[in-house]
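Whole structure, please, built from the sequences with the hints as guidance.
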Amino acid sequence: MTATPTGRHERRGTTDALVWERTFRAPIDDVWAAVTESERLERWIGTWTGDPADGFVTFTMNAEGEDIPPSRYEIRACEPPRLLRIDAVDDFGAWYLTLELREDAGVTTLTMSQVIDDVSTLENTGPGWEYYLDRLVAAETGADPAAVDWDDYYPAMRDHYVAIADRLATPS
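Position 119 (the sequence shown) corresponds to 119 in UniProt numbering; numbering is contiguous.
I should point out that these hints are in silico values taken from the structure, not numbers from a laboratory.
For every residue, glycine included, the Cβ atom is placed at its ideal position computed from N, Cα and C.
Take these hints with a grain of salt, some might be off.
Here are the in silico distance ranges between beta carbons for each label pair [stated by the list, open to error]: (1) Ala-156 - Ala-105: 20 to 26 Å; (2) Asp-152 - Asp-51: 34 to 40 Å; (3) Ala-63 - Ala-94: 19 to 25 Å; (4) Glu-42 - Thr-15: 28 to 34 Å.
This is the structure in structure tokens:
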């Protein structure tokens, strides 16, 4: 499957962010569990360990190969089942992520945003989040997340995100 990029730039307060949306024919509590419970995350992106009550968890990706070191994610806001804000800085960059959920008539919309810390990373992180969010959709619709092929996302979506980076890097 070759997907069309869905990520867009939004100004959020005083920061720039990339934003993606995915919809699910599922109750909000089910989608919340898919993005917060380690066992459910494992199906599409990775697992976490620790006690969220401590204000952080250790997250390990599982679809990037076996040599990916775990990252510490600080929990900045957690308001089940509507809002999760987490931050990490690791060897791969800065990850300031917000997940917002809303339900209407049995359809839950997940809006995920990442603060743009470094425009030079957009060409990779944009397609990366498209890939992982589509793996989430696959997991939640009973499809096989492993069937989502990274080669359909990169380099196919690279130009879309380079264009966003170029617009942001050019003073207005």
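Structure-based check of each hint:
1. Ala-156 - Ala-105: 20 to 26 Å: At 33 Å between Cβs, range violated.
2. Asp-152 - Asp-51: 34 to 40 Å: The hinted range 34 to 40 Å holds for Asp-152 and Asp-51, with Cβ atoms some 37 Å apart.
3. Ala-63 - Ala-94: 19 to 25 Å: Roughly 21 Å apart at Cβ, these two residues keep to the hinted range, so it holds.
4. Glu-42 - Thr-15: 28 to 34 Å: holds (30 Å)
Violated hint: 1 only; the structure is consistent with all others.
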